[in-house]
Amino acid sequence: DAGVTQSPTHLIKTRGQQVTLRCSPKSGHDTVSWYQQALGQGPQFIFQYYEEEERQRGNFPDRFSGHQFPNYSSELNVNALLLGDSALYLCASSLAGWGTDNQPQHFGDGTRLSIL
Amino acid sequence: LAKTTQPISMDSYEGQEVNITCSHNNIATNDYITWYQQFPSQGPRFIIQGYKTKVTNEVASLFIPADRKSSTLSLPRVSLSDTAVYYCLVGDGYGGSQGNLIFGKGTKLSVKP
Chain A
3 DAGVTQSPTH
13 LIKTRGQQVT
23 LRCSPKSGHD
33 TVSWYQQALG
43 QGPQFIFQYY
53 EEEERQRGNF
63 PDRFSGHQFP
73 NYSSELNVNA
83 LLLGDSALYL
93 CASSLAGWGT
103 DNQPQHFGDG
113 TRLSIL
Chain B
459 LAKTTQPISM
469 DSYEGQEVNI
479 TCSHNNIATN
489 DYITWYQQFP
499 SQGPRFIIQG
509 YKTKVTNEVA
519 SLFIPADRKS
529 STLSLPRVSL
539 SDTAVYYCLV
549 GDGYGGSQGN
559 LIFGKGTKLS
569 VKP
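Heads up: the protein sequence lines correspond to chains A and B, in order.
Numbered per the working numbering, the first sequence spans residues 3 to 118.
Numbered per the working numbering, the second sequence spans residues 459 to 571.
Just so you know, not all the hints are guaranteed correct.
To be verified - Example chain A residues on the side facing chain B (calculated, C-beta under 8 Å, incomplete):
id	residue
1	A4
2	G44
3	F47
4	L85
5	S88
6	A89
7	P106
8	Q107
9	F109
10	D111
11	G112
12	S116
Claimed, not checked - What follows is a list of derived Cβ distance ranges for each label pair:
id	chain 1	residue 1	chain 2	residue 2	range
13	B	E475	A	A82	22 to 32 Å
14	B	P534	A	G42	26 to 36 Å
15	B	R535	A	R65	41 to 51 Å
Unchecked claim - Covered stretches of chain B (chain A as the covering partner; in silico rule of three or more C-beta atoms under 8 Å from a C-beta of chain A):
id	segment
16	469 to 480
17	515 to 526
Derived from the structure by calculation, the hints contain no laboratory data.
All of these numbers come straight from a predicted model, not from anything done at the bench.
We treat Cβ as the ideally placed atom computed from N, Cα and C, and that holds for glycine.
When you get a sec, could you build the whole thing from the sequences and use the hints?
See below:
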């Protein structure tokens, strides 16, 4: 049973460029969340997708956008990259079980994005 | 959303029991308490989750008092491989997916031989 997979594992970009990160959720999961983790800090919530729509959003600018596909996989897009965008980007998936016990999020190992 | 407070770091020795306490004074009625473990350059790994009283699984126990304003993660007989950062989180059960997880800086546990 494959867990959450993310690609690529590492990426180097320069300021002003655009980047797309990809995530495949754990089998059976339908909800995908994205987090940014700077060195030495805890992950910070970017946004969450369910049924191909953004359901919740953290305190991140519009340069950060996303998409969820019918197969529940997801992409994170970041435009006009800044040096401060250098971080580990984590994807987490879960099952939106309405009326059921709370379902924990399962994380991938992330994409390490470096901005030069 | 409830914030959490936990020690920045803890030291232990192999074979000891480790208890990490987390404060969450503003926890909401529908919030669950979840603990994650993270190794360097890896994503957080789910350890345990609870709502009240005590929860136990094959790797840890979670103790939650009646007022739910704190919780304690208990790791029995730690080994060197338990050296990691441990995060305590509280979040609602929005859609059963726990919605927006708020991570603090976590507790860096160092296990020594």
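Comparing the hints with the structure gives:
1. A4: violated (14 Å)
2. G44: Status holds, d = 3 Å.
3. F47: holds (5 Å)
4. L85: This interface hint is violated because 20 Å lies over the 8 Å limit.
5. S88: violated (14 Å)
6. A89: Not OK, violated: A89 of chain A not within 8 Å of chain B, min 12 Å.
7. P106: holds (5 Å)
8. Q107: Given a least distance of 6 Å, the restraint on Q107 of chain A holds.
9. F109: holds (3 Å)
10. D111: holds (5 Å)
11. G112: holds (5 Å)
12. S116: Since chain B brings no Cβ nearer than about 13 Å to S116 of chain A, farther than 8 Å, the hint is violated.
13. B:E475 x A:A82: 22 to 32 Å: violated (50 Å)
14. B:P534 x A:G42: 26 to 36 Å: holds (29 Å)
15. B:R535 x A:R65: 41 to 51 Å: Given range 41 to 51 Å: holds, Cβ gap about 47 Å.
16. 469 to 480: violated (count 0)
17. 515 to 526: violated (count 0)
Comparing the model with each earlier hint shows violations of hints 1, 4, 5, 6, 12, 13, 16 and 17; every other hint is respected.
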